[in-house]
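Engineer: One line per chain: the protein sequences are A and B, in this order.
Just so you know, we're using my numbering here: the first sequence kicks off at 76 and counts up by one.
Just so you know, we're using my numbering here: the second sequence kicks off at 30 and counts up by one.
These are calculated hints, taken from the structure and not from any lab test.
Note that this is a predicted model, so its numbers are computed, not measured.
Hints are supplied without guarantee of correctness; some may be wrong.
[As the list claims (entries may be wrong)] Here are the simulated distance ranges between beta carbons:
no.	chain 1	residue 1	chain 2	residue 2	range
1	A	Ser271	B	Thr79	21 to 31 angstroms
2	B	Asp147	A	Gly287	18 to 28 angstroms
3	A	Asp334	B	Glu168	44 to 54 angstroms
Just so you know, even glycine gets a beta-carbon here, dropped at the ideal spot from N, CA and C.
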Amino acid sequence: MAVKLNKEEEAMLRGDHGEAPKIAMEVLMRLATAFGAEEFVPVSSVQAMAHYGSLHDAGLEWLEKLAALGGQCCVPTTQDPASVPLDKWESLGFDGAYAAKQKRLAQAIKELGEVLTWSCTPFNVGSIPRFGDNVAWAESSAVSYANSVIGARTNRTPAGLAICAAIAGRIPKERLYLDENRTATVKVNIDAGTLSTLDYNTIGIMLGKFAGTRIPALTGIPNTASSDQLKYLGASAASSGSVALYHILGVTPEAFDRDPFKGNKPAEEVTWTRQDLAAAEQALTTKNPGEIEHVVVGCPHYSIWELKTLAKLVAGKKLKKNKEFWVYTPFETESLAQRMGVLDVLKEAGIQILASNCLVISPYPRSHKTLMTDSGKFASYLPSEHHIELVYGSIENCVKAVTE
Amino acid sequence: MDTIVLKGRPIVGGVVEGEALVSQDPLVWSHGVYPPTGKINDVRVKLNGTSVKDKILVYPYGKGSTSTSTWMLETFRYGNGPKAILNKETEGLIAIGSILADVLYKITAPIVDRFDQDPLLVIETGDWVKVDGNKGIVEVTKKKQG
Numbered sequence: 076m077a078v079k080l081n082k083e084e085e086a087m088l089r090g091d092h093g094e095a096p097k098i099a100m101e102v103l104m105r106l107a108t109a110f111g112a113e114e115f116v117p118v119s120s121v122q123a124m125a126h127y128g129s130l131h132d133a134g135l136e137w138l139e140k141l142a143a144l145g146g147q148c149c150v151p152t153t154q155d156p157a158s159v160p161l162d163k164w165e166s167l168g169f170d171g172a173y174a175a176k177q178k179r180l181a182q183a184i185k186e187l188g189e190v191l192t193w194s195c196t197p198f199n200v201g202s203i204p205r206f207g208d209n210v211a212w213a214e215s216s217a218v219s220y221a222n223s224v225i226g227a228r229t230n231r232t233p234a235g236l237a238i239c240a241a242i243a244g245r246i247p248k249e250r251l252y253l254d255e256n257r258t259a260t261v262k263v264n265i266d267a268g269t270l271s272t273l274d275y276n277t278i279g280i281m282l283g284k285f286a287g288t289r290i291p292a293l294t295g296i297p298n299t300a301s302s303d304q305l306k307y308l309g310a311s312a313a314s315s316g317s318v319a320l321y322h323i324l325g326v327t328p329e330a331f332d333r334d335p336f337k338g339n340k341p342a343e344e345v346t347w348t349r350q351d352l353a354a355a356e357q358a359l360t361t362k363n364p365g366e367i368e369h370v371v372v373g374c375p376h377y378s379i380w381e382l383k384t385l386a387k388l389v390a391g392k393k394l395k396k397n398k399e400f401w402v403y404t405p406f407e408t409e410s411l412a413q414r415m416g417v418l419d420v421l422k423e424a425g426i427q428i429l430a431s432n433c434l435v436i437s438p439y440p441r442s443h444k445t446l447m448t449d450s451g452k453f454a455s456y457l458p459s460e461h462h463i464e465l466v467y468g469s470i471e472n473c474v475k476a477v478t479e
Numbered sequence: 030m031d032t033i034v035l036k037g038r039p040i041v042g043g044v045v046e047g048e049a050l051v052s053q054d055p056l057v058w059s060h061g062v063y064p065p066t067g068k069i070n071d072v073r074v075k076l077n078g079t080s081v082k083d084k085i086l087v088y089p090y091g092k093g094s095t096s097t098s099t100w101m102l103e104t105f106r107y108g109n110g111p112k113a114i115l116n117k118e119t120e121g122l123i124a125i126g127s128i129l130a131d132v133l134y135k136i137t138a139p140i141v142d143r144f145d146q147d148p149l150l151v152i153e154t155g156d157w158v159k160v161d162g163n164k165g166i167v168e169v170t171k172k173k174q175g
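The shape of chain B in the complex, shown without the other chains (with noise of 0.2 angstroms):
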């Protein structure tokens, strides 16, 4: 099956696989994600309701407080996190959510941003993603049509 192949900056390691969830809208986590069902609770994201839960989550970048760190860390803590997340633009409080899940409760979480392609074009609900956050690169096999 045909692969596509997306090179980007690796944020926080790890290799792990899964069904990806896209967001075009940005993801607020303080308040916006509910932690102990890992749904996104914000009536402005066209997901709200979905749970982002052992998805390859793919959004285009964060927004809202300083908070955001520790909202996701508290998903993870529940087991409610996502397998990964893919950004155009991640900033620090991700990382740190992620980077904390580990040191806390070993759960490896990859984060990669800024890729060669928008992963926002090329990667749709439901494509199956395979994620080296290692070494930046994620493969993304598509979905069968209908």
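Pulled out of the complex, with its shape left as it was, chain A reads as follows (with noise of 0.2 angstroms):
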């Protein structure tokens, strides 16, 4: 079946607009024709990525082409951190000729227009979408957060993909952006009583292994749960499956008032209790864990009240003697944080900011053999990413760890 185009897609096609935005549409029209797409749908915003250790070399010759020819994006478009600190990578001993590269994508997507704000959560940062808001998502964890929080529609947006959708302002209208593909099939009960923090990431674990790709609707979670706390969950979820999309009953708007299943009877369904997070809690920190030397948090990025309670957490307290603290958060953020006296407090202790960045996906410039973190996100990923033995556990004692 062909693709239906409107007058501007024709024109962009025809190269009337510019050779950049034909090319970006030609790759768009590429990929509606192979996977039956009818026709596309334009997008309020995109996330994209910039990062060098996922875009490598191959990636940034592809975004400095569409920058030479004039490509620009025609809607607000963020991207994933950056694979170094950008504003102290040399204090922090990052490679020199690594972060060359990093900053030659820094430049290219400057000249191709995107918004600096280098987060994994757009959504803390400005770019945040209407419920039923078409965008072009690439980062995992947002891509869940916009879905599922927010009701706004967004495939897994490949990493190469999403600039074609900047620069087009569409993308085409196939999987999560049809009504017919957002449709619960799998049930998940929790029963575990009051939930804290961290169960929030665990539970995120334990359910991108049940779901896999499928889409989960869960009973049990409160609505108080904070935007931080389902900002985890979707991570963790994502990071441990390909979870695109969840639902709350009661909680999410495509569960709050209406029926995710849409009449039918759930495919699988399981409960999980206060015993089934306590195994899976455990199950996250690996098996030889050291001394605990090392503490990295912000995944995803940290929010402004992170960094307060934080704050309260550490206030009179230091580091001991060879132990680190890092924590991951947009530049707004720490901006913010100075401006409300949170990041004295959290420099007094010894703790180091690293604006911008993140571990998942940049290099580990340290010799720490055990690292500590509150993420089920960086729990599946840093251990055999880096090479280090990792203990998962909350806020509360990754300070206790290193602190004293």
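Fit the two chains together into the complex; they arrive one by one in their own frames, and the hints show the way.
Structural biologist: Listed below in structure tokens is the structure:
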């Protein structure tokens, strides 16, 4: 079946708007044809990728080519964190040649007109879709948040394609852009009493393993769950499985006052108790941890409220000798923390802020063997990626482990 | 010699032929294939250590992050990409890796999925495979036994 095109799309394909929109539209067209999309949908925002750790030289050449052809984002386009902390890579010991590649990527997306937030939480730094909006986001945790918490619509947009959607302002209408593909198919009942923030991470990890690529609907999660807690749930589920959309009965918009199963019976239903959560939590610590040397938090990026909470926990304390504590957050949130006096408290305790960066997609310029985190997604990725032992626990226990 | 013909869904066009490399395990390109050598670098995969370069790569489906496409693209940039990819189910992440390899490096690596027979049962490592990505037709010549 041929893809239906409107006049603007035909004009882009002919090259009326220049070479970059033509190339972007051609790539989108090939994808639409392959996957049987009937038409395109306009997108209101894009979240792309420009980190050297995943893009490599090929992705750099792709973005530089589009920039050299005069390509311009026609909708607000943000991007995932960078592969080095952009303002302090040198003092933290990142490799100069590697940082130079990251800087070339930064230059290319600046020329392409992206909004330089460098964050996996665009929703915390000004890119907030409305309910029902079509967007093209790439970062898996942000995709989950947009689809599930906000009720906007996006697939897991491939790195390298997101920039095409940004330049052309559209994406093939397929999979999660279509109503019928957003129905829940499996059900998870949480029966574990009061849930801590760590519990949301743990449930996310269990959810990804259970659901895989299926769409789950959960019960037993209160509508007082915070934005940060749902951020962790989605990020963890997207790291242990490929969950791009989940529903929570009575909480998330597509299951708030309607049946996310649309009258169908779930293909599979499970109930997880406190014992199940405790077992999953324990399994996230690797087998042979040594003494905790380094705490890493902020995956996804810490919000201002998490920074403020952390400041309360460490007020009057100091890092023990030879210990390190890194927090990943956006530049904007760091600046807000500065204004609030929160940053001074964190610095006083010896905590290092790595704005714009993320350890999942960056080198680890340290030789510590055992790290600790409060993030399910970090727990999923860091042990295999950086060949370290990892302890998984609450932020309170992270603080206890390395401060006095 | 006997050949077996499979019919599938054309995802990325092009006509190539080569030797099959069949992984019964799903493949993760992000951190799971090392672009400078083209070797699978993933302890969860039985073919760990095997190069995908110039193979007709057959595997069930992809797993892993949205950066799959740029990890694939980097492997093609090094000249270490497969000649073609045959999946049970392909996702956009895989398709974009091959489409951008064509746009940037003029490398044709057809992709076909959703076959009328299970490619993981029909095709074995070492078989000679002709892939027509325009029509979604794959011709398999079994390797000589013994």
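Engineer: Now tell me if each hint is right for this structure.
Structural biologist: Right, here's what the structure says about each hint:
1. The hinted range of 21 to 31 angstroms is not satisfied by A/Ser271 and B/Thr79, whose Cβ atoms lie roughly 44 angstroms apart.
2. Checked against the given bound of 18 to 28 angstroms, the beta carbons of B/Asp147 and A/Gly287, roughly 19 angstroms apart, stay inside it.
3. Between A/Asp334 and B/Glu168, the C-beta spacing of about 48 angstroms keeps the proposed range 44 to 54 angstroms intact.
Consistency note: the structure conflicts with earlier hint 1 alone.
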